[in-house]
Amino acid sequence: GDSVTQMEGPVTLSEEAFLTINCTYTATGYPSLFWYVQYPGEGLQLLLKATKADDKGSNKGFEATYRKETTSFHLEKGSVQVSDSAVYFCALSSNRDDKIIFGKGTRLHILP
Amino acid sequence: NAGVTQTPKFRILKIGQSMTLQCAQDMNHNYMYWYRQDPGMGLKLIYYSVGAGITDKGEVPNGYNVSRSTTEDFPLRLELAAPSQTSVYFCASLHRGEQYFGPGTRLTVT
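Going line by line, the protein sequences match chains A and B. Per my numbering, residue 23 is the first one in the first sequence, and the count goes up by one each step. Per my numbering, residue 947 is the first one in the second sequence, and the count goes up by one each step.
Hints in this document: simulated from the structure, not taken from any laboratory. The reader is advised that the hints may include incorrect statements.
[Unchecked claim] From the derived model, a few chain B residues whose C-beta atoms are all more than 10 Å from chain A:
(1) GLY986
(2) ASN1008
(3) GLU1044
(4) GLN1045
(5) VAL1055
[Claimed, not checked] Pairs of lysine to aspartate or glutamate residues, derived as EDC-like cross-links and limited to a Cα-Cα distance of at most 16 Å, are as follows:
(6) A:LYS121 <-> B:ASP1002
(7) A:LYS71 <-> B:GLU1005
(8) A:LYS121 <-> B:GLU1005
(9) A:LYS121 <-> A:ASP106
(10) A:LYS126 <-> B:ASP1002
C-beta atoms are modelled at their ideal positions from N, C-alpha and C, and glycine is treated no differently.
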């Protein structure tokens, strides 16, 4: 079945460092891909999405490109801030059914 | 729009007690979901619904029940609370492939 694998955390970086959180997926067909962010004590919220191959989703300085050839959707940010500390979830939506498949989440700590 | 709302925010139950977690959305979304998130873990799907009157089991349905009498409401029922049900519960809706989450209910069973 469909699945999402993302790098295990926690990831600890200094402020202004470059961030990459890896995400790969397995799916039949052409899923939509998402990154959700969960700040402490809150629910998940959509960070960015891409609906077809080679699309780039971007928001708040974060970017991710839908790479069908490598089945990847890695999250990147050029210069992280302390306020980016959160848990990040990669997810896919198969067009075949009604469920979103989430990765296990990656906790990010940014040190001042 | 208030989006997806959940009540209560916190609850402590004794083993064997029952309770209902409330979830409502005002976006007229057909698809709704209940997840649980254990400490340091990802989300596990409990139940979901594709419309009023239709519900289906997710990955971890045992110990829970749901109903969907209206498009707006999707309550989750715990009949006999167990310590293994200590978790944070999130309700969500789905529209055009994007999931909208409520703020969560933190439940402790002791």
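Against the structure, the hints:
{"no.": "1", "hint": "GLY986", "result": "8 Å, violated"}
{"no.": "2", "hint": "ASN1008", "result": "18 Å, holds"}
{"no.": "3", "hint": "GLU1044", "result": "6 Å, violated"}
{"no.": "4", "hint": "GLN1045", "result": "5 Å, violated"}
{"no.": "5", "hint": "VAL1055", "result": "20 Å, holds"}
{"no.": "6", "hint": "A:LYS121 <-> B:ASP1002", "result": "11 Å, holds"}
{"no.": "7", "hint": "A:LYS71 <-> B:GLU1005", "result": "25 Å, violated"}
{"no.": "8", "hint": "A:LYS121 <-> B:GLU1005", "result": "11 Å, holds"}
{"no.": "9", "hint": "A:LYS121 <-> A:ASP106", "result": "27 Å, violated"}
{"no.": "10", "hint": "A:LYS126 <-> B:ASP1002", "result": "23 Å, violated"}
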